[in-house]
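Q: Take 1 as the starting number for the sequence shown in this note's numbering and just add one per residue.
Hint data in this document are derived by calculation from the structure and do not stem from the laboratory.
There may be inaccurate statements among the hints.
Straight line, CA to CA, 20 Å or less: simulated DMTMM-like cross-link-like pairs of lysine to aspartate or glutamate [claimed, not checked]:
# : residue 1 : residue 2
1 : 162       : 194
2 : 162       : 230
3 : 162       : 128
Using C-beta positions, here's what the derived DEER-type ranges look like [said to hold, decoys possible]:
#  : residue 1 : residue 2 : range
4  : 260       : 114       : 45 to 55 Å
5  : 178       : 139       : 25 to 35 Å
6  : 152       : 176       : 28 to 38 Å
7  : 192       : 298       : 53 to 63 Å
8  : 114       : 171       : 39 to 49 Å
9  : 324       : 180       : 19 to 29 Å
10 : 288       : 192       : 27 to 37 Å
11 : 297       : 324       : 33 to 43 Å
12 : 203       : 246       : 26 to 36 Å
13 : 109       : 164       : 37 to 47 Å
14 : 324       : 168       : 18 to 28 Å
15 : 192       : 296       : 51 to 61 Å
16 : 313       : 114       : 52 to 62 Å
From the three backbone atoms N, C-alpha and C, an ideal C-beta is built for every residue, glycine too.
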Amino acid sequence: RIGRPDAALMEILDDRPGPVASSQVAFTSFRSCLPRLPELLPPPRDKEKMRHPPRERDPAFIPPKCRVVTLQLTDGTPLRLALDSPAVAHNGVLAVDPLFLTLLVVAIAILAYIVARMASAPLQRLADAAAALGDDLQGAPMPVTGPVEVRRAAEAFNAMQKRLQRHLGERTQMLAAITHDLQTPVTRLRLRLENVTDETLRERLIADLGAMQALIREGLELARSAESAEQRAALDLDSLLESIVEDAAEAGADVHFEQPSGAVLMLRPLAMHRLFSNLVDNAVMYGQTARVRVEQAGQDVEVRIRDSGPGLAEDELEAVFDPFVRLETSRSRQTGGAGLGLTIARALAEKDGATLHLRNHPQGGLEAIVRWAAPARAAAGPRGG
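Whenever a hint applies, use it, and build me the whole structure from the sequences.
A: Right under this line is the structure:
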């Protein structure tokens, strides 16, 4: 109601006794009062000169309305009073600096992120420890730190790891004891089979005895592959594969190492020797030949071993990794093993952070692929192989 008279206030002033002939009260803009202030008010002191201008420059400041009281005294003298009202913020709410509000929101977001990270960190450590346990049962126990609930979870996890280690150790010891105890009777049985006069029967019995020995030997190797505490070392894949290929070629197998790579990785040398020897022997046994190559794609490293056999049906490519699965139907020791070879190979590969899968090669034959995704590479220095 800027510029319009205030009737209520005028009525009050008219009722007051005194030498006032007439009165008028109106609201006007703050700035319209300023030119008259020097005329109506005494000169401001130095401390008061900058009272209003700084507030007017404030972006959150709304200039107040000015109440102007005009009086007409009985002697005809005019009297004008300019009274400024207090400044108010938008909608009657205290004004907030936008920069301060932005900084406050950012600070709250950062604090919320830090609190969320602190709350989820113990769960992340538990998840990492569980993933590491799947790859290496002999790994270091989980640190017992943090709040009470986190410490209890870590203690339970470490107790579970110890039970698994003890169970696996007992299984390995049992298989080792069985293998050792069977050596003597198996040797005696083999000697007695030599006295069988029927040559056909003797060969069948000796083959069955060999199957029994292979089953025991591979079962023990499977148990040891999961329990092995062999340390990783710098391993030259080319040297290792060349050595395995040369040994197989000297035994009369059609094996060739086609493509070296120069890759040197941090691996378990003995475990890798068993892994690739197993795959090469498997290729020669079922596919008559083995072609070995190493490929690098970016940070990944692959070892490919391909045979020239008939391959497998698509639904059998994964089934052959199950224990005691033999897709070769003759069950002959000359054409098949005990059904644990690929199971052992995959266990060895996974323990060193690799994957092992089979595929039918587009040009024929079955191809085994051992793949490391961004493996740990060895620095320059001595190489194993």
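Q: For residue 260 and residue 114, compare the CB-CB distance with the range 45 to 55 Å and indicate the outcome.
A: 50 Å, holds
Q: Residue 288 and residue 192, beta-carbon distance inside 27 to 37 Å?
A: 35 Å Cβ-Cβ, so the 27 to 37 Å window holds.
Q: Could one say that the CB atoms of residue 313 and residue 114 fall in the range 52 to 62 Å?
A: 55 Å, holds
Q: Cβ-Cβ distance between residue 297 and residue 324: within 33 to 43 Å?
A: Because 35 Å falls inside the window, the suggested range holds.
Q: Evaluate the given range 26 to 36 Å for the C-beta pair formed by residue 203 and residue 246.
A: Given a distance of about 32 Å, which is inside 26 to 36 Å, the answer is holds.
Q: Could you tell me whether the CB distance from residue 192 to residue 298 stays inside 53 to 63 Å?
A: Holds - the Cβ-Cβ distance for residue 192 and residue 298, about 59 Å, lies within 53 to 63 Å.
Q: Can you let me know if the beta-carbon spacing of residue 109 and residue 164 is within 37 to 47 Å?
A: 42 Å, holds
Q: Range first: 28 to 38 Å. Now tell me if the beta carbons of residue 152 and residue 176 are that far apart.
A: Cβ of residue 152 to Cβ of residue 176: about 36 Å, so the range 28 to 38 Å holds.
Q: Has the hinted range 25 to 35 Å been met by the Cβ atoms of residue 178 and residue 139?
A: The hinted range 25 to 35 Å holds for residue 178 and residue 139, with Cβ atoms some 28 Å apart.
Q: Would the pair residue 162 and residue 230 pass a check requiring their Cα atoms to be no farther apart than 20 Å?
A: 19 Å, holds
Q: So if I understand the rule, the pair passes when the alpha-carbon distance is 20 Å or less; does residue 162 with residue 194 pass?
A: Distance ~48 Å between residue 162 and residue 194 Cα, so the pair is violated.
Q: Quick check: does the Cβ-Cβ distance between residue 192 and residue 296 fall within 51 to 61 Å?
A: 55 Å, holds
Consistency note: the structure conflicts with earlier hint 1 alone.
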